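K.L.:
These are the residues of each chain, in order.
Number of protein chains: 4
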Amino acid sequence: SKYEYVKLFEQNITLLPNTWLVVRVDGHSFHRFTSEHDFAKPNDIRSLQLMNYAAQRCMQEMQDIVLAYGQSDEFSFVFRRSTNLYKRREAKITSTLCSLFTSNFIFHWKRFFADLELKYPPSFDARAVCYPTDQNLRDYMSWRQADCHINNLYNTAFWSLVQDTSNPRTEREAQAILKDTDSAAKNELLFTQYGINYNKLPEIFRKGSTLFRRLSEVAASTRDGTSEVKRTKNLVVVEHGDIIGDKFWQENPQILSI
Amino acid sequence: SKYEYVKLFEQNITLLPNTWLVVRVDGHSFHRFTSEHDFAKPNDIRSLQLMNYAAQRCMQEMQDIVLAYGQSDEFSFVFRRSTNLYKRREAKITSTLCSLFTSNFIFHWKRFFADLELKYPPSFDARAVCYPTDQNLRDYMSWRQADCHINNLYNTAFWSLVQDTSNPRTEREAQAILKDTDSAAKNELLFTQYGINYNKLPEIFRKGSTLFRRLSEVAASTRDGTSEVKRTKNLVVVEHGDIIGDKFWQENPQILSI
Amino acid sequence: SKYEYVKLFEQNITLLPNTWLVVRVDGHSFHRFTSEHDFAKPNDIRSLQLMNYAAQRCMQEMQDIVLAYGQSDEFSFVFRRSTNLYKRREAKITSTLCSLFTSNFIFHWKRFFADLELKYPPSFDARAVCYPTDQNLRDYMSWRQADCHINNLYNTAFWSLVQDTSNPRTEREAQAILKDTDSAAKNELLFTQYGINYNKLPEIFRKGSTLFRRLSEVAASTRDGTSEVKRTKNLVVVEHGDIIGDKFWQENPQILSI
Amino acid sequence: SKYEYVKLFEQNITLLPNTWLVVRVDGHSFHRFTSEHDFAKPNDIRSLQLMNYAAQRCMQEMQDIVLAYGQSDEFSFVFRRSTNLYKRREAKITSTLCSLFTSNFIFHWKRFFADLELKYPPSFDARAVCYPTDQNLRDYMSWRQADCHINNLYNTAFWSLVQDTSNPRTEREAQAILKDTDSAAKNELLFTQYGINYNKLPEIFRKGSTLFRRLSEVAASTRDGTSEVKRTKNLVVVEHGDIIGDKFWQENPQILSI
Ligand SMILES: Nc1nc2c(ncn2[C@H]2C[C@H](O)[C@@H](COP(=O)(O)OP(=O)(O)OP(=O)(O)O)O2)c(=O)[nH]1
Ligand SMILES: Nc1nc2c(ncn2[C@H]2C[C@H](O)[C@@H](COP(=O)(O)OP(=O)(O)OP(=O)(O)O)O2)c(=O)[nH]1
Ligand SMILES: Nc1nc2c(ncn2[C@H]2C[C@H](O)[C@@H](COP(=O)(O)OP(=O)(O)OP(=O)(O)O)O2)c(=O)[nH]1
Ligand SMILES: Nc1nc2c(ncn2[C@H]2C[C@H](O)[C@@H](COP(=O)(O)OP(=O)(O)OP(=O)(O)O)O2)c(=O)[nH]1
Ligand SMILES: O=P(O)(O)OP(=O)(O)OP(=O)(O)O
Ligand SMILES: O=P(O)(O)OP(=O)(O)OP(=O)(O)O
Ligand SMILES: O=P(O)(O)OP(=O)(O)OP(=O)(O)O
Ligand SMILES: O=P(O)(O)OP(=O)(O)OP(=O)(O)O
Ligand SMILES: [Mg+2]
Ligand SMILES: [Mg+2]
Ligand SMILES: [Mg+2]
Ligand SMILES: [Mg+2]
Ligand SMILES: [Mg+2]
Ligand SMILES: [Mg+2]
Ligand SMILES: [Mg+2]
Ligand SMILES: [Mg+2]
Ligand SMILES: [Mg+2]
Ligand SMILES: [Mg+2]
Ligand SMILES: [Mg+2]
Ligand SMILES: [Mg+2]
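Chains as they are written, first to last, in my numbering: chain A, 1 to 258; chain B, 259 to 516; chain C, 517 to 774; chain D, 775 to 1032.
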């Protein structure tokens, strides 16, 4: 029709070929969302597991995602450098993945929050970033995991002070106490005042969650169903270890070599 | 941390100031989604109403949306030209609105599909486009409504042929019959063979749905609750009329004048 | 060849259709260039005329330029909103015009600087900006002309103080004297100390130069060369008047109506 | 002033960090330019030397250019991946380099075309492209050199046929003769019909020109001027060898390692 010319106004930004594509999804106003849904503080394990589950579903849907890392209300997805998904169109990739993550988060909510109804529909934002080298990509991952560590240590100390039953502090007081303390001091405070050995807290809280594909043996039944056999499948696995050091990357060379 | 430099790789594309921003959201693989959920063909009224409801919620959340138009599995949202939402950052606007629409679509699913469970989580893509003039914007809206008309007339004829109980055609046959027919021929076929007066079909099918804000009188109770008063509120209303001609725009001058 | 894939890495940014395209060219390090070539201060008429001449040549080469405005070491070129030059590819338009302007500036140098050899090759930068409305475009033009006025008034006062033969000031002193003075004070200083009526200075210094096309009668000879006739031609004319007020635009409605 | 808001309409596209930046400059309508200036066909050595000289000057001005490659009417400049020139703003880099190259081309024209006046000011276009890996960059360079080879072999055969004094062909005939011939056939034709051993033609025609920096010993006089000493300086050198194979890159590891 004579109106079709308006389609030419679309910009169609594409992402530089042969770079790692990272899409980071982050909960929109999750300060409010977590508070209205009474999430445990500083970490609600149900929420982290739901996030992981939703991310896993995204990876099953989009085979070009080779790695994902989640913490707090965010998840980063890494597409292999050679991906040609949607011809690398920025808006298509970003919006579709953001929508898919949102959708799975809500769809599977009740699986992790059996007793808690969603009060209102949560949403997420997303952005795509290109990283030219493996080192840049690893630095990106390190950035997010370091952020997880810093925030979690702070939040653990903060909520310990505020939820201290014998000597509860206001949020303002807790903030003042922690202001200008370094990591050591926060560890110390947690240990001496609350008997918490920070390094013994669950890794999922301290290190976040890393999802990637690994060839794994799975049990399968033969076609006639009479006996069990082992098959290898490229499964998405979830870990909570360190991804800043070299070890993780050496043990999983398939991630960067794709 | 020493990793923070990676944030500098973000591009932060912004949308040209003083232009109408249109974000179009479109169902991802809704051919499959509608078929797996047995949507009525060619139009499932529940689906259209759910889409409208979700769009309305988006407009309530984002006050800078002045107009929205929906048909089939898509919705277009128009932000006022002067909007400074997220400093007009393309990815933030597109991803947030796409996510919010997705979220509301699922969250309110059961309100419109009382008897039908969602089988899997649906998703949407989204894109932002800038239109410099009112005329360009109106041509955009006309483009979508003309598309609605053309597709709906075709689909109505197509499914009439396929679902014809006395003489059912295969999809391939129906396609062949309709190939190269013009609008008049399709109208004729519908009327003579199926007694369908196309122009009498519900406007929501033929024209789609237009959402906009209008100062409306609403009943409210006084503070002490003893008596009723009228208040004017800027409500989001839904219409299904023509938006290609001038009439709609003349009757609602507030839309473009914001 | 197998290397051709590298062409796909080109981004091909395009400029939004139906907007005024402005390309502003600005002398690279002209502080140094004007000083090494002993330009008259604050304005060297030869330089301004060379700039205008080069700009005129650009307009003759690129018919889609409807307007140009120059002052100091810069020139802004306005392409009609409907231009499809290089399919509105940003880099092609910007680089080609920048190069063409540079080229003409050097090529015609001796026409205006008959006695002065170029000491080294000058260069320019350029950028493209889109303006959606006539008002935005006029505000852009006003911005540049206001900038011309402010700088020129300041520079005139500044160099009067520094070049004052009876009481020469250092550049630092002149700067200190002018710091925090408003327009009125600078006018006053020029008049009382140097007998300069600022408003009587040549318009080309105070208002810059505006180039645009106007249907003009030109003398032409008939084919057989025996007699003279008048023809109308769309000539590029140069003016130095105000372009902030409405008058210029009302007298030249052809500029914005193209 | 109240007009300054228009500055916000500038887009400021930046080029992805940590990628090789290539800016390719190409003569605008050099088909016409070379023909109006009667350039020797297919190669005018004066033109190639002027291009090289201009490129060298650009490299002296912009220290972040580590490599340049020229052939025909084009030159490609490679900026080191870590360059922060103009904060990697695309328009600033592209336009400035394009202008500088143009400027040097004209400024130094007479140095290479002593007897030939420029008839009109030539211009160039330019574009920037990012390459994430060394391999991509080398493929880019190979692409340009392969292009040089293919065009030059074709043009040499073409102009031999057209300029054949004993049996001159029209351009159309020459084109028809060469249509669908491979490299071997063109070599054969040149050798048997014109006694030209293509591989003995000057390397600058067949391979183009590669400019890069190399630590070189230069003669210098001591401060008191009494004696000569050797100093090492990072000079821009020009070569015409193969850059597709590994040899060039192995012999000049400094280029990619910067
Ligand atoms: N209580 C609780 N809060 C959480 C948990 N995970 C995330 N949050 C909260 C803490 C922060 O307020 C918020 C995440 O921080 P953000 O910087 O993303 O801020 P927010 O989402 O509010 O704003 P945004 O829309 O992203 O700019 O979510 C959790 O497991 N438990
Ligand atoms: N039965 C039925 N189908 C519908 C209804 N509304 C939309 N659809 C279907 C018809 C089309 O197959 C599809 C929309 O067309 P699209 O061009 O958006 O294709 P689709 O979403 O499959 O692919 P996409 O991911 O958008 O490229 O949704 C409805 O009310 N009833
Ligand atoms: N003496 C003299 N100087 C002039 C004349 N026109 C322009 N200039 C000088 C004054 C300024 O130093 C300079 C223009 O200012 P810019 O802001 O463009 O600075 P410049 O070109 O040095 O740096 P840039 O590369 O543009 O960032 O050119 C003139 O007619 N006479
Ligand atoms: N006779 C002669 N012609 C040359 C020489 N170097 C380049 N040329 C001509 C051959 C081609 O016609 C032209 C370069 O081809 P291009 O593809 O760049 O085309 P052109 O510059 O005409 O158009 P463009 O503005 O780049 O699209 O320049 C030379 O040394 N001698
Ligand atoms: O949202 P923040 O504050 O954690 O930081 P950001 O995500 O980089 O900021 P934005 O969402 O505005 O891009
Ligand atoms: O999806 P289509 O085919 O209706 O058309 P489009 O939305 O313009 O195509 P794309 O989704 O690939 O941008
Ligand atoms: O160059 P300036 O300082 O006059 O201002 P600008 O041109 O807006 O700055 P830039 O050249 O860095 O875009
Ligand atoms: O100019 P061409 O035809 O050699 O090829 P190109 O430079 O890739 O084309 P364009 O100048 O239009 O980008
Ligand atoms: Mg954020
Ligand atoms: Mg958040
Ligand atoms: Mg967050
Ligand atoms: Mg689509
Ligand atoms: Mg769809
Ligand atoms: Mg659709
Ligand atoms: Mg500048
Ligand atoms: Mg300047
Ligand atoms: Mg300037
Ligand atoms: Mg070209
Ligand atoms: Mg060329
Ligand atoms: Mg060329």
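Hints in this document: simulated from the structure, not taken from any laboratory.
Note that the structure is predicted; figures quoted are calculated from it, not measured.
In this text, a Cβ means the ideal position worked out from N, Cα and C, and glycines have one as well.
Certain hints may be false.
Stated by the list, open to error - Think about it this way: if two alpha-carbon atoms lie no more than 30 Å apart in a straight line, the pair counts; the simulated BS3-like pairs of lysine-lysine are: (1) B/Lys444 / A/Lys92; (2) C/Lys635 / D/Lys884; (3) A/Lys87 / A/Lys110; (4) A/Lys207 / B/Lys505; (5) D/Lys1021 / D/Lys960.
Stated by the list, open to error - Every beta carbon over 10 Å from chain D, so not counted as near; a handful from chain B, in silico: (6) Gln269; (7) Leu274; (8) Gln314; (9) Leu448; (10) Glu486.
K.L.:
Report the numbers of all earlier hints that the structure fails to satisfy, in ascending order.
P.N.:
Failing hints, ascending: 1, 3, 4, 6 and 7.
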